[in-house]
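2 protein chains.
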Amino acid sequence: MTLTAATLIETAQSTRQAAQTLASWPGEARNQALVTVAEALKDSAAEILAANQADCRQAEATGLATALLARLKLDASKLEAAIAGVLSVAELPDPLGRLHINRELDAGLILKRVTCPLGVLGVIFEARPDAVMQISALGIKSGNGVILKGGQEAIHSCRAIVHAIHQGLEAAGLPPETIALLTNREETLALLELDRLVDLIIPRGSNSFVRFVQDNTRIPVLGHAEGICHLYVDQAADLAQAVAIAVDAKTEYPAACNAIETLLVHQAIAAQFLPLVAAAMPQVELRGDAQTRQILSITAACEADWATEYSDLILAIRVVDSIEAAISHINAYGSGHTEAIVTSNSQTAATFLAEVDAAGVFHNCSTRFADGFRYGFGAEVGISTQKMPPRGPVGLEGLVTYKYQLTGQGQIVADYSGTNAKPFTHKNL
Amino acid sequence: MTLTAATLIETAQSTRQAAQTLASWPGEARNQALVTVAEALKDSAAEILAANQADCRQAEATGLATALLARLKLDASKLEAAIAGVLSVAELPDPLGRLHINRELDAGLILKRVTCPLGVLGVIFEARPDAVMQISALGIKSGNGVILKGGQEAIHSCRAIVHAIHQGLEAAGLPPETIALLTNREETLALLELDRLVDLIIPRGSNSFVRFVQDNTRIPVLGHAEGICHLYVDQAADLAQAVAIAVDAKTEYPAACNAIETLLVHQAIAAQFLPLVAAAMPQVELRGDAQTRQILSITAACEADWATEYSDLILAIRVVDSIEAAISHINAYGSGHTEAIVTSNSQTAATFLAEVDAAGVFHNCSTRFADGFRYGFGAEVGISTQKMPPRGPVGLEGLVTYKYQLTGQGQIVADYSGTNAKPFTHKNL
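Each protein sequence line maps, in turn, to chains A and B. Counted the way the working numbering counts, the first sequence spans residues 1 to 429. Counted the way the working numbering counts, the second sequence spans residues 1 to 429.
Heads up, a few of these hints could be off.
Since the list gives no way to pick one copy over another, a pair counts as held whenever it fits inside one copy or between any two copies.
Pairs of lysine-lysine, DSS-like flavour, derived with a Cα cap of 30 Å [stated by the list, open to error]: (1) Lys73 <-> Lys422; (2) Lys112 <-> Lys387; (3) Lys42 <-> Lys112; (4) Lys42 <-> Lys78; (5) Lys427 <-> Lys387; (6) Lys112 <-> Lys422; (7) Lys73 <-> Lys42.
None of these hints come from the bench; they were simulated from the model. It should be emphasised that the depicted structure is a prediction, and the values quoted were computed from it without experimental measurement.
Extracted from the complex, chain A is given alone in its bound form:
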């Protein structure tokens, strides 16, 4: 074992132990801790902003990409918003101690299924120092310890923020080890190997980064590598509505994972619709299949286009001859994120919502609504494109699990087995 791995195991054990204290606190006390953390962050604003300026200067000097630099930069208003975010997490309903099942198995033998924390979250992110505040707040709220690993480019900012968070935790009477910060590059891989000490990995960064994390750990990963979303415009669509939705879904924020990459158009309305949509998004590079190119003079889309997340002002277009063809294209090339149909035919819409295999299936609205805040979850931990729950935008629900508590008065299974077996009552309370 390397020195890094050994030190990391100690850190993770401390965080795990601290999290057990946190988990035993009632919801009100965890909310109060969020208040003291927010106050400590406010009190340390000057230090945090100065640390961030140091990071930004260094990033500029080393020529960090503009997009990353924008995410790295923390000014007074961005910091204020992040601190307000910490306080708003305190306002959310408590995700712990929720009773899913409360059932009498027999007289005096009571089964409860209650939500409880996962334990320790491992969060690996690039650039964005505000993520430290957000994820720490969600961890405290949900009774989980958090091990954070930020990018080297944000190291001073992260240290200053975590220092303030530790002061806030101590003011609340919580061990500072609840939130740990890793600052050493080798620690990322070592963290991914701690499947006995870390319960969930949340990677925040590029698609390739998320895929790397997924491929290098046995720990469950919350997130998604790709967002290849489609809009299918049916023959029975209101074309003006379809144009507005296509423009919103492609151009409102093209780098978002819920933006569309491919537009599927029913052949019956293609000749009428395609010129309208092309005119409505002149800034977008369109790539089409053969049928599309008989209507629009644009570049040809090749096989790779159907499987690409452009994250940019590029849109692939394909003409299909039926709803079935649209569904089978989507189920073949989609990433299971969010898929939408525009149609006035409710039967066609029902088929689409039932048969498309994705976390989000939308009818007559933009794919861009796929988001935890827009869904009303209050906080978003990530968006999962996996088949098993939690799926789609995940709020605090994704940071908790449950356990079965069975309380008896000395009951043994032998009495409920064999020829004179006592029956179970299985009565929900």
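Start from chain A and add chain B according to the hints.
Relative to chain A, chain B alone:
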């Protein structure tokens, strides 16, 4: 790609497509299919029993282990019970189409979260041909296709059963490809690689087999490799009750995953309790730590004993000086399956239930109650010791996922962003 892999991909694609038909059927029609499958099994009873006799003869000739032979053997009454099991699955509540969330995001923009099938289940099992009937029934009920891979020793039985199931599916108007049977040994590994076509793997067999499956696939695995369960007898325990629970949890069915492997005893009552428990289970080999051996003259337990699932009439015993020591032993050596405490002190019990990290935490009752049927789930798909849900005994709930359906009237995100952003109503309906 090998020929096996290529053929398997075709099989899996057919099953996936057949499952989509099944998934679109209402609950009543799926139940009716269970009835026709049960009838077809009944009609084929003679063929199935003859096929099983051929398997058993061959297994005896090749010297199959007695335990496996017992699981392989299917007589008329076992077959009848399995067919009754298929019909009882029809009686369970429909796991599909359940509404978790029904929320207005804004006027005319309605979000629903509804349960839907996973898609295709891959089930790999040893010996037991009755598993084919049970898991096929659960697949039909939950709208999932099933790819079955049984052991070579049960090949004739499995073929005869699946042949009958196909007849039952056809009588119901369903494609027979809904349930596929693999009969070729190389197909197991190839199946584990189909993460684009198979959504969940359910392994049924020995611990080492389950661990092999977990280590060789990216597909989620439902099941558990180990069941290392503990019983902690507190200083405030009713000793007669503790003896009865210990005997039940160890001896009622020692090969069960919810049987205990280690008994933890508070030192304050050890001298009084240990002789009672030893006298109550004379057939059990006891192994103790140093303190236990000052009271009982038994073999010494070594470090490996704390981490071993005996699945046999052997019990490790350790004396601890506090509830904290008991919890920390359990959290270090337990497999997260089921852990129990015997105590009359409700405060101590509450600490145990809160701080022990396991799918099941029990107070004053036997660990052997950890079971889907005893919990009242009607059917048990498996028991999961993973931290993320589904955790513990899993019923039909574990064979479904959910999707978010958003239905609008042309809404776009641009109207809900920026300075004049429309607010969301987030009103639960």
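Going down the list of hints, with the structure as the test:
1. Lys73 <-> Lys422: Answer is between: at 28 Å across copies they meet the 30 Å cutoff, but 67 Å inside does not.
2. Lys112 <-> Lys387: both (27 Å within a copy, 17 Å between copies)
3. Lys42 <-> Lys112: neither (41 Å within a copy, 39 Å between copies)
4. Lys42 <-> Lys78: Answer is within; shortest intra-copy Cα gap is 12 Å, inter-copy 69 Å.
5. Lys427 <-> Lys387: between (32 Å within a copy, 27 Å between copies)
6. Lys112 <-> Lys422: Cα proximity of Lys112 and Lys422: one copy only (21 Å, versus 42 Å across).
7. Lys73 <-> Lys42: Within one copy only: 17 Å inside, 71 Å across.
Hint violations for this structure: number 3 only, all remaining hints satisfied.
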